[in-house]
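**Student:** Put together the whole structure using the sequences plus the hints.
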Amino acid sequence: MTTDTADGVEAVGVAPAADPGFLQRHGTTIEYVLIPGAALVGALAVFGVFVALFGKNPLDLYFYMYQGAFGTWFSWQNTLARAAPLILTALCTALPAQLGMVIIGGEGALLIGALAATGAALALPSMPPLVVQLAMVCAGMIGGGSWIMLSGGLRQYRGVNETISSLLLVYIALAILNHLVEGVMRDPASLNKPSTREIGAANMIGSIPGTDVHWGLVFGLIAAVASYILIYHTVFGFAARVAGGNIRAAKIVGLGVGKLIMTICFLAGASAGLAGMVEVAAVQGRTNANLAAGYGFTGILVAFLARQNPLAIIPVAILLGGISASGGLLQRRLGLPDASVQVLQGIIFAFVLASDALYGRIGFLKGKS
Amino acid sequence: MDFGRISRRHLLQGSAALTLGSALGARSALAADTTIGFIYVGSRDDYGYNQAHAQGAAALKKIPGLKIVEEEKVAETDAVEKTMESMINLDGATLLFPTSFGYYNPHMIKMANKFPKLRFEHCGGLWSEKDPKNAGSYFGYIDEAQYISGIVAGYTSKTGKLGFVAAKPIPQVLRNINAFTLGAKLANPKATTQVIFTGDWSMPVKEAEATNSLIDQGVDVLTCHVDGPKTMVENAARRGAMVCGYHVNQSPLAPKAYLTGAEWNWEALYPKFVKMIAAGESIPNFYRGGLKEEIVKVSPYGEAVSAEARKHADDVKAKLTAGDYTIFKGPIMDNKGKAVIAAGTDRGQKDPELEKMDYLVEGVIGATS
Chain A
1 MTTDTADGVE
11 AVGVAPAADP
21 GFLQRHGTTI
31 EYVLIPGAAL
41 VGALAVFGVF
51 VALFGKNPLD
61 LYFYMYQGAF
71 GTWFSWQNTL
81 ARAAPLILTA
91 LCTALPAQLG
101 MVIIGGEGAL
111 LIGALAATGA
121 ALALPSMPPL
131 VVQLAMVCAG
141 MIGGGSWIML
151 SGGLRQYRGV
161 NETISSLLLV
171 YIALAILNHL
181 VEGVMRDPAS
191 LNKPSTREIG
201 AANMIGSIPG
211 TDVHWGLVFG
221 LIAAVASYIL
231 IYHTVFGFAA
241 RVAGGNIRAA
251 KIVGLGVGKL
261 IMTICFLAGA
271 SAGLAGMVEV
281 AAVQGRTNAN
291 LAAGYGFTGI
301 LVAFLARQNP
311 LAIIPVAILL
321 GGISASGGLL
331 QRRLGLPDAS
341 VQVLQGIIFA
351 FVLASDALYG
361 RIGFLKGKS
Chain B
1001 MDFGRISRRH
1011 LLQGSAALTL
1021 GSALGARSAL
1031 AADTTIGFIY
1041 VGSRDDYGYN
1051 QAHAQGAAAL
1061 KKIPGLKIVE
1071 EEKVAETDAV
1081 EKTMESMINL
1091 DGATLLFPTS
1101 FGYYNPHMIK
1111 MANKFPKLRF
1121 EHCGGLWSEK
1131 DPKNAGSYFG
1141 YIDEAQYISG
1151 IVAGYTSKTG
1161 KLGFVAAKPI
1171 PQVLRNINAF
1181 TLGAKLANPK
1191 ATTQVIFTGD
1201 WSMPVKEAEA
1211 TNSLIDQGVD
1221 VLTCHVDGPK
1231 TMVENAARRG
1241 AMVCGYHVNQ
1251 SPLAPKAYLT
1261 GAEWNWEALY
1271 PKFVKMIAAG
1281 ESIPNFYRGG
1291 LKEEIVKVSP
1301 YGEAVSAEAR
1311 KHADDVKAKL
1321 TAGDYTIFKG
1331 PIMDNKGKAV
1341 IAAGTDRGQK
1351 DPELEKMDYL
1361 VEGVIGATS
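Those protein sequences? They're chains A and B, same order as listed. For the first sequence, the residue numbers in the working numbering are 1 to 369. For the second sequence, the residue numbers in the working numbering are 1001 to 1369.
Think of the hints as simulated: they come from the structure by calculation, not from any bench. Any given hint could turn out to be false.
Here are some chain A residues pointing at chain B (derived, C-beta under 8 Å) [to be verified]:
id : residue
1  : 60
2  : 74
3  : 284
Quantities reported herein were computed from a predicted structural model and do not represent experimental measurements. Ideal Cβ positions, reconstructed from N, Cα and C, are used throughout, including at glycine.
**Tutor:** Written out as structure tokens, the structure reads:
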């Protein structure tokens, strides 16, 4: 059995043939690919049945999903553009998760970040674009970071549950945004769609050359890789994971848990705030209620599907970006309602959570030790 | 690049179809595979704003040779840009109707610049000279229909207290509230309209609360201006109040309580647009109209509407349809006692001053901020 499987692996050219213990030694890594992959296939199969119940051909479904998400260069750009904000907002949940905190308020940090970035741009009307853009990045990250730090502070110093407080802060952020956009920051010319003044075409950060995908994707990739290095390859990250594993043990060994919580919450919020800045500087050109498009909430889903691993967030965000990119084609070609995409996301979520129970229990991957 | 080739091919197809159309006449132009894309911000069966547009799209489906593609629940972010491009690249759409207000700038403008040979028509009436020539915007003076609703409501209310559930205090909404109130005062000079702003376009819980709170204060006829009037109509009918609808005919939701309503008439306008294109005429970039131009209409009266009310309403409707009636005719005072339209000043439907409306007329209980 073991030899057979090892031969199979050799055929793919991944492992040396003379190493019968390969599967066991790399069991954990393989599990991280195999289990979510199987969960995804299972979810797609169940969704196929669901669609068949509505009298549509599941094979058409899979074909259109592929075509809409990854089938053409245009589809790829569509997918990546939708994935970009999700990488950043997912980090807002994944980073605090290292400390055992469940933060679900990325949407609020995104809105505050967008508002702060817009404010920065409007406050510097005659500066060169690069200065304005840097100021927007800083303002967006500080705005979003402080917002999630509020949740972290409430948890650390007042014992308030961070999940609830971060969620409630989303509604406060939205109210602040509406208040400012319909009040002091309103462009008097925006009659029927209250908005701030535009940041100006020169200050827009534009697209990655040769594509239609904005720079938010690059920011997201950098942030995800940096987060991974921070969490898994630095003393700070190690301390955070220790505190996440057992907060009392962390305190006993003398780790500054309060400082860890505040710093991680700031970085998490800064990431979502950066997503807000990108929405303003690459897409909308100003702040208005359009910004509350739910990227912060989809980011929670991405983070959980990626099992809070900053690197895994990248493929998961691309996958969910692809699902939402193909959603339009499903509506147009198969006449499915928009809600069907949410059904699929729900099924995937349920499968991935349920598959958590399989880690370390797959027989042929178990080590002898 | 793959998609560049596709879009050029479709551009050629599209322009070939148009050239053919002008050469051979309307029928043959439409016999070619002309694809029209409709994009909605909410669900297309919301008994409201989006359904009104979907009814217009359904009217086009009856015309042979036209292929209609539709996508619902598309956010007012770069998602709508991608949806437009996807309809162009993957479905070959040559005419697009992004129907939500927030789709216009920057999203539709960006696409109109990117695909200069395709036609973009936006609902909301924002086009100005600086915008691309292949983009257009259309809108209707639906306050004329609200005025008729007001007359009917004024006759029907026993308490003289009318209620208005509104989204945001922006000019378009204020104009509807004011026209409704002025109409009601024709029937009952003492009638008042209590208005509650929910703060956003789709807030079902707040809309239900507002409806209940208005009825608790003695209001017995209600209307609204939100994206989906369903919540207000069903709740009011359950509480025994009468309703005037908005966007589409909601009488199936409350057959006994439905008096009349202000409806869009997109099913008349969209086929008109298509015929203009097929005949080689250009659609005016800025297209407006009211009852006379058949862009808005009034729902058939419900059984609770008295003969007196019908007669008065029909009388005013006939004058508005003939184009010789002014709703905003001075003197008009606002509800703070200030004269907003001086005696002797007539502000006709096309008066740009009305587009900047920021007051509530005498008889409205409520504040704009």
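**Student:** Which earlier hints can't be squared with this structure?
**Tutor:** 1
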